[in-house]
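Quick one: dock chain against chain with the hints and give me the complex.
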Amino acid sequence: MTEPTSPQPIGDDDLMAWVDRRLPPARQAMVEAYLTAHPEVADRLARYREQDAALAEALRAKLEEPLPARLRVAPMLAQQRSRRWAWVSRAAAVLLLMSGSAAGGWVAHRAAAPDPLQNAGAVAEAAYATFAVEVRHPVEVRADEGAHLAQWLSNRLDRPVRPPELVALGWRLMGGRLVPTTAAPAALLMYDDDRGTRLTVYVQPMTIEGEEFRYRRDGEVRTILWSENHLALAVTGRVSREVLLQAAQRVRAEAERNGS
Amino acid sequence: MRNAAALLEPHIPALRRYAFALTRDHAAADDLVQDTLERALRRWSVRGETARPWLLAVLHNLFVDGARARRRRPLHGRLDGHETDIAVLPGQDGAMISRDMLAQFSGLADEHQAVLLLVAVEGLSYADVATVLDVPIGTVMSRLSRAREAFRRLLDGERVGLRRVK
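Going line by line, the protein sequences match chains R and D. Each residue of the first sequence is one higher than the one before, starting from 1 at the first, in the working numbering. Each residue of the second sequence is one higher than the one before, starting from 1001 at the first, in the working numbering.
A portion of the hints provided could be inaccurate.
Stretch-level coverage of chain D by chain R, calculated; a stretch enters the list once three of its residues show a Cβ under 8 Å from a Cβ in chain R [said to hold, decoys possible]:
hint : segment
1    : 1030-1039
2    : 1113-1120
3    : 1142-1152
Here are the in silico distance ranges between beta carbons for each label pair [said to hold, decoys possible]:
hint : chain 1 : residue 1 : chain 2 : residue 2 : range
4    : D       : Arg1152   : R       : Ala78     : 43 to 51 Å
5    : R       : Pro116    : D       : Asp1031   : 24 to 32 Å
6    : R       : Asn119    : D       : Arg1152   : 52 to 60 Å
7    : D       : Thr1139   : R       : Thr197    : 40 to 48 Å
8    : D       : Ala1005   : R       : Ala129    : 45 to 53 Å
9    : R       : Arg44     : D       : Ala1067   : 25 to 33 Å
10   : D       : Asp1031   : R       : Val167    : 30 to 38 Å
11   : R       : Arg241    : D       : Asp1031   : 37 to 45 Å
12   : R       : Glu145    : D       : Pro1136   : 17 to 25 Å
13   : D       : Glu1009   : R       : His137    : 45 to 53 Å
14   : D       : Pro1136   : R       : Ala78     : 35 to 43 Å
15   : R       : Glu57     : D       : Pro1136   : 26 to 34 Å
16   : R       : Val135    : D       : Ala1005   : 49 to 57 Å
Partial pick of chain R residues on the chain D-facing surface, computed with a CB cut under 10 Å [stated by the list, open to error]:
hint : residue
17   : Asp12
18   : Ala56
19   : Val73
Simulated from the structure, these hints should not be mistaken for laboratory data. C-beta atoms are modelled at their ideal positions from N, C-alpha and C, and glycine is treated no differently.
Isolated chain D (complex conformation) (with noise of 0.2 Å):
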C-alpha cells in the first residue's frame, strides 16, 4: 500500500462521474467515492489493470445498499423531487444540454442507467460490467439494449415503461 496514492488516485475523476451521474448530487457523489476509497484502503491487494472495474462495483454496491437503506426510511422526501437534484455542471458552452441531458437521463430504471453509465460513459467491457453489477454477461447485453431504448424513447418524448426493468 505504499504507493496506494499512485495506484488509487488516477481512478478517481471516473469514480466521481460515475458517483454523480448516479447521484446527481455533487456531495453525495463524494461521500460515495471517499466511502469507495476507504474500502479500497483497507484492502492489502489492489492490482492495477483491475482496480477500475474492482473499485466502480464498490462504489455501485454503495450506492445500491445507500438507496435500499434511503428507501426503507426515507429521510428525504424522494417521490418525484429529481428535478431540484440536478446540478448544474460547471460547464462553459454545455451547461444547458448537460443539465437537460442527465435530467432526461435520471427518468431511466437504476439499472439501465447503471449499464448505460458503465458501457457508454466508463467505457469497461462487457465482462467487467457484469463483474460490477453481478450479473451475467447475457444479462448485461440484454440490459444495455433495453436501457437504449429506453433511452432514446425518453429523449423523444415517449414516457413509457419507466421504472420497469427485468
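Bound conformation, chain R alone (with noise of 0.2 Å):
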C-alpha cells in the first residue's frame, strides 16, 4: 500500500458509497484494491450491506399495503378548494354586512363574546396605530435581513413564520417586529406600496378553535382578522375594503402553502 503517486486517498465517503454500489468507475478499482488489502473494512461493508437489504426487507410490506381511502388525492383537493371558497365567502358575508353600518365594533361571521380573537384584533390595531406612523424604527429587523427575519420571528413565537409575499398586490415587505402581548410574544410584519401606504399583518399564536372571521373599521382603518390553524392573523391598513380583502386572502393563501 506504499502507492506514492496516488491521487485520493480513501475516504469514508468512498466506503459508504460502495456499499451503495454508487462509486463513479473510476474511484471503483481503487476501492476495491483497498478492500482486498483491507479484508476487516471489506467485512464491516459487506455486514452494511447485510443489514441495508434487511432493513428494507422489513419495510417491503409497508410499501405494497394498498392506499387508505383518506390518501386518495383528488377528493383532498376537492376538500381544499371547497374550504378555501367557504372562507371567501363567509369574507364576503361579512364586509356585506358591514357595508352599510357604522364603524365601530367588530362585525362577526359568528358573533361571540368578548374572547381571545377579539383581544388579538386589539392588538393588532394597537401596534398598526403605533408602528404605521413611525417614520424612523418604523420595524425592528429591515426586510433586506429576510433570512434573520423569519428566523427571529419563528423562534420567538416558537413556530414557522415567513413573511407573506404581496409584492404581486404592490405591497413591498419593510421588515418585522415583536409585539407583546398578556399571552405569548406575536409578530406585526410591515408593507408599504408606492405611495408611501402602510399595512400591517399581525401574527399571534393562540389556542383557538375553528376558524372564524371578523372585520372592523376605525375611522379610515379598516381591520381583516380570523384565526384558523392555532393563528390569529390580521391585516390593517389605511385602505379601502376591496384592497384590505385582497391582502388577507393572499396572506391566508400563504400561510396555508407554508404550513403552519
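Quick look at the structure:
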C-alpha cells in the first residue's frame, strides 16, 4: 500500500458509496483494491450491505399495502378547494353586512362574547396605530435581512413564521417586529406601496379552535381578523375594504401554503 | 394541479413507508402522509422529477416539528415505551424478522434513522438526502457512516453511544 502517486486517499465517503453501489467507475477499482488489502474493512462493509437489505425487507410490506381512502389525492384537493371557497364567501358576507353600518364594533360571521381573538384584533390595531406612523423605526428587523427576520420571529413565536409575499398586490415588505401581548409574543410585519401607504400583518399564536372571520373599521383604518390553525391573523391598513380583503386572501393563501 | 393525483399518488407508498419507519405507528404515519399531501396540494408547482425528495423533505420536517412538539408537552409518555409502539407488519413469512429488525432500528438516534432510511430504503441520491435533511452533503456522508456502524453494533447487541449524534 505504498503508492506514492496515489491521487486521492480512500475516504469514508468512498466506502459508503461502495456499499450503495454508487462509486464512479474510476474510483471503483481503487476501492476494490483497498478492500482486498483490508479484509476487516471489507467484512464490515459487507455487513452494512446485509443490514441495509434487511431493513428494506422489513419495510417492504408497508410499500405494498393498499392505500387507505383518506390518502387519495382527488378528494383531498376537492375538499381544500371548497374550504378556500367557504372562507371567501364568509368574508364577503361579513363585508356586505358591514357596508351599510357605522364604524365601530367588530362585525363577525359568528358573533361571540369578548374572547382571545378579539383581544388579538385590539393588539393588532394598537400595533398598527403605534408603528405605521413611525418614520425612523417602523420595524425592528428590516426586510433586507429576510432570513434573519423569519428565523428570529419563528424562534420567538415558537412556530415557523415566513413573511407573506404581497408584491403582486403592490405591497413591499419593509420588515417586522415583535409585539408583546398578555399571552405569548406576536409578530407584526409591515408593508408599504409606492405611495408610502402602510399595511400591517399581525400574527399571534393562540390555542383557538375552528376558523372565524371578523372585520372592523375605525375611522379610515380597517382590519380584517381571522383565526386558523392555532393562529390569529390580522391585516390592518388605511385602505379600502377591497384592497384589504385582497391582501388578507393573499396572506391566508400564503400561510396555508407555507404550513403553520 | 389538474393531474395532481397522477403526479402525487405514485409517491404515496414510499411516503407511507418512510413515515411508518420513523413513527412505527400505522395511524400516525398516515397522518403524516396526509399532512404532507395537503401541503403539497397548496403549492402550485411540484415538478415530476423533483417531487419525491421534496415530498420526503416536507414529511421529514413535519415529523421533526411534531417530535419537537411532543417533547415539549409529552401527551403520551414516551420514556421507553418503544416496544409497545412497534407494529406487527402484515407480512407473510417475514413478520418476525421485520418486527425484530424495526425494534433494533428504533434504538438508533433519529438522525441516524433518517439518513439510513433515505439512502438504503428510499434509494435517494446523496445530494437529494442533503436537501431533505437540509445539511451539507459531507454531513450526509459522515452521518451515514456513523449510522451504519451504530446499526451494526445494535444488531450485534452492543449498546453503545445511543442518542448521541454529532
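So, going through the hints one by one against the coordinates:
no.: 1; hint: 1030-1039; verdict: holds (count 6)
no.: 2; hint: 1113-1120; verdict: holds (count 4)
no.: 3; hint: 1142-1152; verdict: holds (count 7)
no.: 4; hint: D/Arg1152 / R/Ala78: 43 to 51 Å; verdict: holds, 48 Å
no.: 5; hint: R/Pro116 / D/Asp1031: 24 to 32 Å; verdict: holds, 27 Å
no.: 6; hint: R/Asn119 / D/Arg1152: 52 to 60 Å; verdict: holds, 56 Å
no.: 7; hint: D/Thr1139 / R/Thr197: 40 to 48 Å; verdict: holds, 46 Å
no.: 8; hint: D/Ala1005 / R/Ala129: 45 to 53 Å; verdict: holds, 48 Å
no.: 9; hint: R/Arg44 / D/Ala1067: 25 to 33 Å; verdict: holds, 31 Å
no.: 10; hint: D/Asp1031 / R/Val167: 30 to 38 Å; verdict: holds, 35 Å
no.: 11; hint: R/Arg241 / D/Asp1031: 37 to 45 Å; verdict: holds, 39 Å
no.: 12; hint: R/Glu145 / D/Pro1136: 17 to 25 Å; verdict: holds, 23 Å
no.: 13; hint: D/Glu1009 / R/His137: 45 to 53 Å; verdict: holds, 51 Å
no.: 14; hint: D/Pro1136 / R/Ala78: 35 to 43 Å; verdict: holds, 41 Å
no.: 15; hint: R/Glu57 / D/Pro1136: 26 to 34 Å; verdict: holds, 31 Å
no.: 16; hint: R/Val135 / D/Ala1005: 49 to 57 Å; verdict: holds, 52 Å
no.: 17; hint: Asp12; verdict: holds, 5 Å
no.: 18; hint: Ala56; verdict: holds, 5 Å
no.: 19; hint: Val73; verdict: holds, 4 Å
In summary, the structure agrees with every hint in the numbered list given earlier.
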